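Listed in order, the protein sequences are those of chains V and S.
Note that my numbering gives residue 346 to position 346 of the first sequence, counting from 1, and the numbers run on in steps of one.
Position in the second sequence (from 1) plus 1000 gives the number in my numbering.
Note that these hints are calculated values from the structure, not bench results.
None of the hints are false.
Derived, one-sided and incomplete: chain S residues facing chain V with beta-carbon distance under 10 Å: (1) VAL1013; (2) VAL1024; (3) MET1051; (4) VAL1076; (5) SER1079; (6) PRO1084.
These numbers come from a predicted model, not from an experiment.
Glycine included, each C-beta is placed from N, C-alpha and C at the ideal position.
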Amino acid sequence: MKTGNATMDHLISLVIFIAALLIFIGLFSQSISTAIVYQSHEALSTKTSDLLDNILLNPGINATWGTDGSTPSGFGLQDPEFTQYQISSFSLMRLDSSTGSVTEYDKTSPSIYYNQAASSLGSFLLTPIVQDLNYSTALSLLGISNTYGFQLTFTPDITVSINQTQASSPLNLEISTSGKGFPFANAAINYCLILVTLPQSDMQYPSYTIQNGAVTTDQQGIVNVAFPNVTDSNQVYAFIAYAHLAGVEGVGYYTHCTSTDQYVVPIVQDIGSQQTALAHSYDLNNSNPAPSSLKYNVTFVISKTDYTLSQLSLDSSSSTNIVGIVTSGVGNPYPVITLPSYTTGILIITYQQEDSMQGGVIMMPWGVRSLAFPVTFGGNPAGQNWVTTDIRQVTIDGIAYQAKLELWNQGSQVIG
Amino acid sequence: MAKLIRTIEVLFVIIIFSGALIGVSYFTVLPSPRQVSPINLNRLSLTTLEMLDSDYDLSRAAFETDNLTLWGGLQVALSASLPPNILYNLTVYDVNDNGGLLYSNVTSISNTDSLGAGSDASMYTVASSNVTFNVVPQKIGDNGNGGTLYILNCSDSNGWWITGYTAQSLAQDLYNMLSPYFVNTIMVQNTSQLAQILSGNSLQGENLQNAVVINTFGEAVPIPTAYCTAPYSNNGYSYYSYFLGQKVNAYNWTWCSIVGYPFYYVSNTVAFSSLQNNWGIYGMQMTGQSGSRAFFEGLDGQTYVNDATSVISDVGVVTFTTQANNFCNYYGIYPSSYQTSSRALTNSILQSYHLNIAFNIFNPVGTYNPGTIYNHVATGATNVTGSLLALGLTRTPDVRVTALSLLSYYQPRLYPSEYTAAGTSREVVLQLGLAGGT
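Given only the sequences and the hints, what does the whole structure look like? Please build it.
And the structure:
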């Protein structure tokens, strides 16, 4: 019996021991997997910081890929003419926006699809998809294809919002400025009011005059400006405001048009040659022929150091403006203009419906900086297991932006 | 109990395992996401400081700490540009040079009492607008030995193989680049002035001995009218080159040939007004290959012999030596490190004319030197008696190579202003933390 008791003791203890061992292996493996996950996430965080600096501190190969229309063999967004965290306004323009929509304009066949990076009525920036740098190419150029996914976002530090509080006699505009976490109080505001004249004669084209001024925001970052000379509530105008304080600068704009159904849309046809097509809005996305043609007057302006706008000549001519008529429908040619240089500026198009006093003004930033367009590029972080984020303060031709990179593991986990 | 001893032992093991598990679990708790994937506050801080100083507003504020308007604006800009969950403390430090603390706190602004344990900071140096930071070069010859730079700028001579430039424009470029490094820099404005220094008379009381003479006329050498006669005109004026070699030896000059075949032509637009150099350029005579040999003969104190044997070879593309590349960085002169040499001098001249290689600008190709400074050291002597910089490059010359060669040879030091001198610079430290941080 003694032998039997000892055997039972051994059997029971062995079963308990094996069971306990298995349970503890499982419990310890949880701690080990926790540590592995920690290491993985920390490595991802380090990678995020390195990758963001890598993108922001080199102009890419070749360095002028943002302006010459070529496909880079190395991805970078630094302005090739500057150092440190100064980003090229034109390289950003060539990124295939992940938040924009695709616009079809079949008159420019065979390249008929354009990326609408950002737009609202009054401002457009459409670039040819075939010349845009897409996400998968960027992943390959960065050497992280099938390893990591990312989304890169450039957001202006300063938001400048403009609202019309009274349409005429006087025209009242409220300028509201705010930063990421604080009102832009006591900031200097330099503004340009572009007042459009719509002629009654069919032989004449719309034109504009510019009225400049400077004000200062209050403690809430708000200021109101009044223009007593605007007495017509149907006055077509555009308003651009530059807010700046202690090296931090932001831009905002507002347009008021009376023809919001038909308008002229500038489409960058070729980045390298700086050719821009002027499309009738009814020709986009296979819309129906428009009831009327549009007279237009195109100018290109740059912002000077005193924040006033200065016109540059277009199409290598001495003329600072180009006028014409754009008609929708098959068989009607579209006008093409060539922008003067790779200087950041704004293409201003005033337009008017033929036989009508309806018109408007459209602005296209040449370089995203001109109207402080935000840029979002890359994949979608939603639904990813773990996303790390890092941010930098950058300037794009003097405008303060926040660059944010969100990074996640793609496919298998990458450690170290 | 003795019958269950094994079971009891296992229970003890389980207790030990449980203790170990509790201990491990206590120390292996996954940190908060903020600690696992932190925002790089160090880089954010640096980029924020750079942005605030993009229009030098930060620099101005750092030196105008009593200007409340300026500091108010700076604080608003700082608060507006940072995300709302970021806490900051911006502090300006002065740099002391009177002993004690090196840095003293001048002023600071902050949006919090405590940044927590997880903060990080960057330091940014700003300079006063009242101070200009200079780099002062050491003067060649400031020890009283030499220090004169003659740049041949003769208005009565024509150049050859300086296609696209005039000798005068090259002379001006060289003057701008090199005059800070010499005690005296003198433009030799005509061949009469050249004759004056050749005869040992200074132009402006400068030290003639140990001077540097840059011939900006390429393969042509200006010749004074007084020397446009025998014996200097012997053998296509190669005797004039011999005479120059003698003078370079006598005054211990460093003669600089900026391009092509040295001493291949002589030029005087007055004396040779109706004569051309066989290529249609009037005011010039071709000496040919004997010019270089004649110069070396004169330099070495040999008897003049007309020897037209070639001393050069076309060696194609050549590259800077490592030392030359280093001096590019030191002096901030960056000509292309790839050049084409069609007139590289042979090594055989070293033995024939008692020359030593003092500095190679370009890597030798076989037995040929595309760009070299030669020192003449006579037999039995130890001191240098005359030097030649021969840049055997093809046209058109880049005079930056000439400047780099001379600076690499003489190696004058550069003395930058001290950036941390008191009152000239201040340190701005921006420390960032996350709201709610531990």
